[in-house]
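Undergrad: Residues per chain, in single letters:
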Amino acid sequence: MRAFTYERAKDAASAARIVAGRPGAKFIAGGTNLLDLMKIEVETPTHLVDLQDLEFDKITPIAGGGLRIGALVSNTDLAADARVRRDYGVLTRAIVAGASGQLRNKASTAGNLLQRTRCSYFYDTNMPCNKRKPGSGCAAIGGYSRQLGVIGVSDKCIATFPGDMAVAMRLLDAVIETVDGDGASRAIPIADFYRLWGDTPEQDTVLKPGELITAVTLPKPLGGKHFYEKVRDRASYAFALVSVAAVIQPDGNGRVAFGGVAPRPWRIEAAEALLPRGAAAVTARAFQGATPTKDNAFKLPLATRALASVLAEAKA
Amino acid sequence: MNNVEISRRGVIVGTTAVAVASSVPALADNGDGPEMAAPAVSPMPLSFTVNGEPRELSLDPRTTLLDALREHLHLTGTKKGCDHGQCGACTVIVEGQRINSCLSLALMHEGDDITTIEGLGTPDKLHPMQAAFVKHDGYQCGYCTPGQICSAVAVLDEIKRGIPSHVQADLNAKPTATNIEMRERMSGNICRCGAYSNIAEAMADVVGAKA
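Sequence lines, in order, name chains W and C. What the first sequence shows, in our numbering, is residues 1 to 316, in sequence order. What the second sequence shows, in our numbering, is residues 1001 to 1211, in sequence order.
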């Protein structure tokens, strides 16, 4: 690990100001992804601003019937919250489908949103990777791509966003609240939060340098039946090959988003409208224009089958 | 006691810090990540409680909680397996919750109360989970065992506190300590010898259930 200096932030505005004004500075919350990447020197911050003393560790009701989730709420605490379990079951299901108990105890809500891809070429510093070192090329294209993206990718990068929690939050139309180095706050709908890679895969999100996530809000509950179906290479503690987050209403309408397939949680509202016509109709629309590789073309029929399984369960 | 001098890793870390501090900041570039001048780093103080005992250390900020426990406090029961949060050998209990000590900086634990395998029981007075692991042969080589036991103790507490899991059919119901629940919740602890079924039996014994 490269050397760095360390301090504990006293408030959000000063934390954002420090990181915005100091190249090489980064926030650290749970640290479970950042320290992993620092050990292999994919991340090389020169200064860490520890956020643990900020009071963003609460889940509170908001006007209109939703919830505000503090950025530092742990994955375990968010999944276990009685209101989340009752009203946003898809979110609890998604969180407990990810990582391990130890990691969920430490990982924060904001950190989960900001976790980096698990593309093995991003992790391997002996390989070219446009996301890790812009302009160096992409070893995944033409390489081993079974785990990688089938849609929304570019000729510079075919990595996926690896998380589960964010797929449920995308389904729920969550909004991400931030404060920047100038003290200005903004609210970013999660639909606009993750970038498609295009020519600049090194930027995962629309956050500016030093912009700090303070909370995530959920609109009022949707009702319906909640599902998070995750297909992976082992039964627990593995990243998704394909995941399906869904809320299905009694009349067969609903919402659906896919994980493990794209640079962002993949939700196409026009495809959701086809839910009463069955899984194949939905995925045909949601994955229109997909560009899978030979290795990961299986994800397309797998997404249809995973959704079909969810729809069958919704009817049961 | 000067922990930096008596620990091999401490000497290396300490020397590095001094070298960096006394030289012109160098451009660090191994071809990855943005080029950034390495900062001058001094050791920082840390006070926390480990197995009921207040401890004070002076550490390079890079020191993980795992390395602080093993290399500076010489509590070598906690093991370094993958050092990337994938194997669970480094599991300890911090403020009542199990975490991977390899993926946490020691400095992030100022004031925290930490329990390692050495704090759970002693050879003369085993923790019930330790006794159950012995009784049920919950190990072969033993390398993952301290992490397995710390995790197992915390898992039973998580079930008691109603923390939900992936295998729970009804999210609004209280989880129970069934075999499938314990296997799911222990998935962050890898055992290369494959003692899983005996570990599940040991855990079941402690809760008085059948594996």
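None of these hints come from the bench; they were simulated from the model. As the structure is a prediction and not an experimental result, all values here were calculated from the model. Note that the Cβ used here is the ideal one computed from N, Cα and C, for glycine as well. Don't take every hint at face value.
Stated by the list, open to error - Keeping only pairs whose Cα atoms sit at most 20 Å apart, straight-line, the calculated SDA-like set for lysine to any residue is: (1) W/Lys10 - C/Glu1110; (2) W/Lys208 - W/Ala238; (3) W/Lys26 - C/Gly1111; (4) W/Lys220 - C/Gly1111; (5) W/Lys39 - C/Gly1111; (6) W/Lys26 - C/Ala1038; (7) W/Lys10 - W/Lys39; (8) W/Lys10 - C/Lys1080; (9) W/Lys156 - W/Ala187; (10) W/Lys10 - W/His47; (11) W/Lys156 - C/Ala1037; (12) W/Lys315 - W/Thr291; (13) W/Lys58 - W/Ala187; (14) W/Lys26 - W/Val206.
Stated by the list, open to error - Across the chosen pairs, the derived CB separations fall in these ranges: (15) C/Ile1180 - W/Ala273: 19 to 29 Å; (16) C/Lys1125 - W/Leu196: 57 to 67 Å; (17) W/Ser14 - C/Gly1096: 25 to 35 Å; (18) C/Gln1140 - W/Ala273: 47 to 57 Å; (19) W/Pro189 - C/Asp1124: 53 to 63 Å; (20) C/Asp1112 - W/Lys315: 30 to 40 Å; (21) W/Gly289 - C/Ile1180: 34 to 44 Å; (22) W/Ala316 - C/Ser1047: 54 to 64 Å; (23) C/Arg1192 - W/Lys294: 51 to 61 Å; (24) W/Ser185 - C/Val1167: 37 to 47 Å; (25) C/Gly1096 - W/Lys58: 13 to 23 Å; (26) C/Ala1037 - W/Arg195: 27 to 37 Å; (27) C/Ser1047 - W/Gly198: 41 to 51 Å.
Claimed, not checked - Covered by chain W, according to a simulated footprint, are these stretches of chain C (three or more residues, beta-carbon under 8 Å): (28) 1061-1074; (29) 1080-1087; (30) 1121-1133.
Undergrad: Next step is simple, just say for each hint if it's right about the structure.
TA: Right, here's what the structure says about each hint:
1. W/Lys10 - C/Glu1110: Holds, at roughly 15 Å.
2. W/Lys208 - W/Ala238: Violated: lysine 208 of chain W and alanine 238 of chain W sit about 30 Å apart, past 20 Å.
3. W/Lys26 - C/Gly1111: Given pair lysine 26 of chain W, glycine 1111 of chain C is violated - Cα atoms ~23 Å apart, limit 20 Å.
4. W/Lys220 - C/Gly1111: It is violated: about 38 Å lies between the C-alpha atoms, which goes past 20 Å.
5. W/Lys39 - C/Gly1111: Distance of about 25 Å is beyond 20 Å: violated.
6. W/Lys26 - C/Ala1038: Holds, at roughly 14 Å.
7. W/Lys10 - W/Lys39: Between lysine 10 of chain W and lysine 39 of chain W the Cα gap is close to 27 Å, so the pair fails against 20 Å, i.e. violated.
8. W/Lys10 - C/Lys1080: violated, 33 Å
9. W/Lys156 - W/Ala187: Violated. Lysine 156 of chain W to alanine 187 of chain W sits at ~29 Å, over the 20 Å cutoff.
10. W/Lys10 - W/His47: Holds, at about 16 Å.
11. W/Lys156 - C/Ala1037: It is violated: about 28 Å lies between the C-alpha atoms, which goes past 20 Å.
12. W/Lys315 - W/Thr291: violated, 32 Å
13. W/Lys58 - W/Ala187: holds, 18 Å
14. W/Lys26 - W/Val206: holds, 16 Å
15. C/Ile1180 - W/Ala273: 19 to 29 Å: Since isoleucine 1180 of chain C and alanine 273 of chain W have Cβ atoms about 37 Å apart, the given range 19 to 29 Å is violated.
16. C/Lys1125 - W/Leu196: 57 to 67 Å: holds, 59 Å
17. W/Ser14 - C/Gly1096: 25 to 35 Å: holds, 30 Å
18. C/Gln1140 - W/Ala273: 47 to 57 Å: holds, 56 Å
19. W/Pro189 - C/Asp1124: 53 to 63 Å: With a Cβ separation near 60 Å, proline 189 of chain W and aspartate 1124 of chain C satisfy 53 to 63 Å, so the hint holds.
20. C/Asp1112 - W/Lys315: 30 to 40 Å: With Cβ atoms ~49 Å apart, the hint is violated.
21. W/Gly289 - C/Ile1180: 34 to 44 Å: holds, 40 Å
22. W/Ala316 - C/Ser1047: 54 to 64 Å: holds, 56 Å
23. C/Arg1192 - W/Lys294: 51 to 61 Å: Violated: the Cβ-Cβ distance is about 33 Å, outside 51 to 61 Å.
24. W/Ser185 - C/Val1167: 37 to 47 Å: holds, 40 Å
25. C/Gly1096 - W/Lys58: 13 to 23 Å: holds, 19 Å
26. C/Ala1037 - W/Arg195: 27 to 37 Å: Since alanine 1037 of chain C and arginine 195 of chain W have Cβ atoms about 28 Å apart, the given range 27 to 37 Å holds.
27. C/Ser1047 - W/Gly198: 41 to 51 Å: Given range 41 to 51 Å: holds, Cβ gap about 48 Å.
28. 1061-1074: It holds, with 3 qualifying residues against the three required.
29. 1080-1087: Since three or more residues must qualify, the claim that chain W covers the segment 1080-1087 of chain C holds, with 3 doing so at under 8 Å.
30. 1121-1133: violated (count 0)
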